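So the sequences go chain by chain: A and B.
Reminder that position 542 of the first sequence reads as 542 in the numbering used here, one-by-one numbering, no gaps.
Reminder that position 32 of the second sequence reads as 32 in the numbering used here, one-by-one numbering, no gaps.
I should point out that these hints are in silico values taken from the structure, not numbers from a laboratory.
Since the structure is predicted, the reported quantities are computational estimates derived from the model, not experimental observations.
Treat the hints with care, as some may be off.
Stated by the list, open to error - No farther apart than 27 Å at their CA atoms in a straight line, the calculated lysine-lysine pairs in the DSSO-like style are these:
(1) A:K287 - A:K354
(2) B:K33 - B:K69
(3) A:K296 - B:K2
(4) A:K287 - B:K2
(5) A:K354 - A:K309
(6) A:K309 - B:K137
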Amino acid sequence: MRFTGSEILVKSLVEEGVTTVFGHPGDVFLHGPDMLTDLPFKHVRCRHPQVATHAAEGYYKATGRTGTVVVSSGSGAANCVTAITDALIDSMAIVVLSGHDPAAVMGCDTSQEADVVGTTRACTKHSLLALKADHIPRIIKEAYYIARSGRPGPVLVDLPKDAIMGRGEFRGYPKDVSIRGYNPQLYGHPGQIKKAAELIAQAKRPVIYGGGGIIHSDASEEFCELVEITQIPTTLTLMGLGALPTNHPLWLGMLGMYGIPWANMCMFNCDVMIAMGSRFDDRITGKLSEFGKQCKVIHVDIDPTSIQKNIKVDIPIVGDVKYVLRALNKELRNVERNWAMEFEEWYGEIEACKKQHPLRYEQREGVIKPQFAIDMILRLTEDYDPIICTGVGQHQIWTAQVYRGRKPRRWLTSGGLGTMGYGLPAALGGQAAFPNSLVLNIEGDGGFQMSMSDLCTLVEHNLPVKTFVINNKGLGMVRQWYQRHSAHPSSQSDLRHQPDFVKLADACGVAGMRIERPEEVKAGIEKAIKTPGPVVVDVVVEQEEHCYPIISAGTAIKDIIDSGEPIPDKLIQGWR
Amino acid sequence: MKGQTPSQRHILTLLVENRIGVLAKIAGLIAAKGYNMDSVSVGETMDNSVSRVTLVVHGDDWVMEQMVKQLNRVVDVIKVVDLTEEDFIEREMILVRVNADSPDRAEILRIADIFRAKVVDLTHRTYTLEVTGAEDKIQALLELLRPFGIKELVRTGRIAIGRANKSLPRKPERVAENGEDVEKKSSAVVK
Chain A
1 MRFTGSEILV
11 KSLVEEGVTT
21 VFGHPGDVFL
31 HGPDMLTDLP
41 FKHVRCRHPQ
51 VATHAAEGYY
61 KATGRTGTVV
71 VSSGSGAANC
81 VTAITDALID
91 SMAIVVLSGH
101 DPAAVMGCDT
111 SQEADVVGTT
121 RACTKHSLLA
131 LKADHIPRII
141 KEAYYIARSG
151 RPGPVLVDLP
161 KDAIMGRGEF
171 RGYPKDVSIR
181 GYNPQLYGHP
191 GQIKKAAELI
201 AQAKRPVIYG
211 GGGIIHSDAS
221 EEFCELVEIT
231 QIPTTLTLMG
241 LGALPTNHPL
251 WLGMLGMYGI
261 PWANMCMFNC
271 DVMIAMGSRF
281 DDRITGKLSE
291 FGKQCKVIHV
301 DIDPTSIQKN
311 IKVDIPIVGD
321 VKYVLRALNK
331 ELRNVERNWA
341 MEFEEWYGEI
351 EACKKQHPLR
361 YEQREGVIKP
371 QFAIDMILRL
381 TEDYDPIICT
391 GVGQHQIWTA
401 QVYRGRKPRR
411 WLTSGGLGTM
421 GYGLPAALGG
431 QAAFPNSLVL
441 NIEGDGGFQM
451 SMSDLCTLVE
461 HNLPVKTFVI
471 NNKGLGMVRQ
481 WYQRHSAHPS
491 SQSDLRHQPD
501 FVKLADACGV
511 AGMRIERPEE
521 VKAGIEKAIK
531 TPGPVVVDVV
541 VEQEEHCYPI
551 ISAGTAIKDI
561 IDSGEPIPDK
571 LIQGWR
Chain B
1 MKGQTPSQRH
11 ILTLLVENRI
21 GVLAKIAGLI
31 AAKGYNMDSV
41 SVGETMDNSV
51 SRVTLVVHGD
61 DWVMEQMVKQ
71 LNRVVDVIKV
81 VDLTEEDFIE
91 REMILVRVNA
101 DSPDRAEILR
111 IADIFRAKVV
121 DLTHRTYTLE
131 VTGAEDKIQA
141 LLELLRPFGI
151 KELVRTGRIA
161 IGRANKSLPR
171 KPERVAENGE
181 DVEKKSSAVV
191 K
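Next up, chain B with everything else stripped away, as it sits in the complex (with noise of 0.2 Å):
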């Protein structure tokens, strides 16, 4: 039943066809189910048929049961994978403008230069700094340039992919299905 274990956080890898409209009906059906999701994504993958979506959601094992289920029902949808069942890297790209008056700006390129971020831009009042990291990272950074003063803010949203070398798999018989190339995935004939 619902409620019965801790909602968690789950990133879902989603391959799906390159096609109008296949973004508006997952995010609609994920609206109309009333899922909590934090974070999507969306490219092509070096199949221009295929797009790979990232979806960043919460919910408790319940919940992810019927996401995962529900999504695999879109006819569109190719493959659902939840990445948080096996060791995954993650990661998020921020574009920041913070307000840079002459005694901060040293502090914010010490900053800057701690978190590896790149300064793309600059005025005698700004920095632009364009960072990448997972979640904690870039939430650690802007939690540090907030008292200067955070002009504008632009995220790229989650994207993840999954260890090539899996040395620690929670659930060992999920690697051979992620490894999985996508042309191989049984399709449906009917004669």
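Chain A extracted, bound-state conformation (with noise of 0.2 Å):
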């Protein structure tokens, strides 16, 4: 039977098990006028696909389903490009489909024309082009297992508008994909799994460190059964934050130039460092030459390149972490050893460091603090079992030093692009897929102005998500750099004239509140959650607040700063 492309398409979706799209139409819009008013699956238009882009993500994170983005041509696709190259770094599986002019004007540069797969061709870890009808189920086929499999990453089509209007043959949605370049490798090699097994059954001071590579393999079951057998402490990059419990007695927290010292100070001190599915980021590992030379490294990770990229691996072991887990486990479970008696040291030297480098900050009567505002709403919430999303900068590292979370998936965050204004996005996405949940979004007032005008979806889709704004009036990372190092302290980053968030909320719609004093942040927190529908809360907080501790770039543990100034007795909060 013959169908036009767009039919075509949405059949392929459908089969693929599509059940929501993101996107933002346009001229050379993919669906056709024939497809747009009655579409067998959920379509959230965004109001900018970027995003749109970043919803997916979040949809991703949160489901472990390949999220999708369809957008138009030109101006549309570019404006996607931030959020795919977010995508490649942390790993995100997802599809953008793009329209395209007709084949035969391609590189005319007609209006709303871009080389779009030229654009991407740096940021994708595939792109694929569709210039029949026919086609089209194959290579969405091609796309979908490609974004998915192995290290997962975004996929991009490009559809002209030819194959879309143009009739072909839909013989069916394929069932095997065949690409005789692509072929991941998930089993490890055993020798290797076995190598590995001694190596940890001999260490007296190992650590674990595992990264999002265990998120996206779905592998956090077989993670904590390895904490468990072996009862080594453990720490998690932001990306793996959920992938352990937090409140697993052998949880550190997370590492890196914020992370929490004693995670760090195992990172520096130990023997055997096991990393699954990490890929030591200079973040993780500050100065390389100081880093991991007093232990053996063992590395698993299903993508090659993430081995021996930056530090010296002794054991590596290139596979899906879930399998590689599974057979390390079978080994380690007949290791006859008592592992936690022979780590009391270990453990001990954890708690020495716990003493000498809580996690703390200055106390001042009449300000929030924004440790104080993101650990209430953190502890406020835990157990509603939230799936909690940030921006980037410093509230992103406050609420990843006290994150709270039992499971993977609750947790979507930037990580190695870094790119602000990714929140709201993230919530919109994860809220689209669980309704139902609590979606939290906690931002900074820089970011949360890249991509409020969102707010408006929210609405439109019935999307219930309660933002915080960490409100420092400035860019808050930007000017503790600044800060830092710079004879110029504020270049820049003081945002001097902001919008009201209270009544930006409530022209869009949305329930908006403010809290401006320690007192008000519980109850406030509180009736937000409360709230029905989706909420905006402007928290007013100290602007000259710094993340501590820092391990700066291009140094090491020894040079941890805890605080700015040293702090008097009396106000001294720790919070971890």
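Mind assembling these two chains? They're in different frames, but the hints should get you there.
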């Protein structure tokens, strides 16, 4: 039977199991006017293609199902580039379907034309071009397979108008994919796994360092089992939060530049480092010449390029963390060893570090400390098992430092690229996937202003996201860096004129609230959570607060900075 | 770590899908990662769905390991082989137009003869020579022609092929892999 390309596309997406797409229409719109009214899946039309693409990332991270974006040609697709780059570095499985002028006029600079495949070549895992309606099913199948398998990533499918409007055969959706140049390795090498088990069995001061790969491969269960068997203290990267419940006794906290001191101490003093689905990012390693020198490194990753990219690895294992963990756990279960007892000295060092470098901030009368507000939000919502989204900056770090979560796929944040304004779109995507869950968006005032246009989308689609704007009237992290390293401390980082976020919310049909005094914080948060529909809470906080502790770029654990000025004893507020 | 071994010249042979944009993806990747590339040449193989790319690059062991992994990661790249790990034959063709005024004409022809270069075009004041060879031969010829004045030079870029009879393989386990047919390469199948 012959169908239009758009009909074939929609059939293919349905066969692929797509239930929600995020998008922004345009002249060269993929569905074709005939398909617009009667789509067999939910179409969340956003106000900006970048928002739609971040929302697809949020949808993917929250569900594990590939996010889908539908945008128009040229400017529509070009607006997605930042979010596609974000998805590449954070391994988010999304498929971006972009319209294009007819193939015959490609490259003729027609209205709203851009070389989108060329533009996105450097920021996609793969890009595909469908020249005929007949090709669409195979190309869609390949796109979703490549996006989700191996190390997940964004795939762009460019669909010229003649492929979409033209007619073609639909001989069913392909069941198999065969791509001769693409064959991700799932199972780790058994010999290497055995060697890793032997090394772990002899370790005296080991640490497990997990990353986003555990979340992507749905390997939390196996990961927790590894921790249980071996009783090894465990830290996670920003992207890996949620892989181990934060109330687990062996949970150290997030590591890295702004990480928990005792998590970093373990990384610098361990004898065996067990890296799982993490990529030794510069925010983790600090000064490379001083990192991992004292220990043997086991590194499991599905992406061979992640291994031995930044640091020397003693036992590399290429494979899906889930399968490798199953095999590794099997080996380790047979090891006869009283793990916990042998690590007692090591645990003692961690306890000593906790006493020496507790997380702390200076409590002051009459102002809301951002750490206090964020801690309260997390404490008061913990029992709701919320999906927590953040933007990028100080608020993100503070949230990650005291993150409380018991399950994976509840933590949506932009890691590798650090894309400001990520919070609201990610929350939109997470809430679209789980309409009945509590979805929190903890954003900075700077980032919020990059994507607040989509408050109306929340109302339109009845997505009750609770947004907390941690408002320090500026770009806090930028200000902090300038103040620490520059003679012009506030250069361009103060946002001197802010919109009234309460009125703004009101204008969009969203409930707006403001919290200005410490004593209002608890009641304000509770009220926001109980208010039906989307809410924006403007939390006015101390402006000059810095994120601590810091291990500055190019330094190591011994150079840790616990706080700015020494804090008088009676004003110290410990918070973890 | 980077810089612990000396930087060396490598010839990489890539079998890639013969599709629009594949060369751009490879070139873009090499540029984005800051790798040093001396030469690139591309052409179809006997199977017209597959192209063969020959890259001449420089890097220490650390860089080369990453580069090969990064190239392998490209979905449209079917296979990457570092020919410099084995015995191989390397060639480049050049077309060079050199000044040939009457006192020099015989000398240039003598040089051309020694290098087995062909005269493919001539005027009263120039010769255009065609010559093939490995990098050092081409370089030697150009040095000899330089004093006469080289007016124009075109190079194809290096191509290379592994020796069929690998009498002295430095890494014997690689031999079988290199002899493998493209079609036999395992492909990903998902149900």
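Each hint, compared with the structure:
no. : hint            : in the structure
1   : A:K287 - A:K354 : 23 Å, holds
2   : B:K33 - B:K69   : 12 Å, holds
3   : A:K296 - B:K2   : 19 Å, holds
4   : A:K287 - B:K2   : 14 Å, holds
5   : A:K354 - A:K309 : 32 Å, violated
6   : A:K309 - B:K137 : 37 Å, violated
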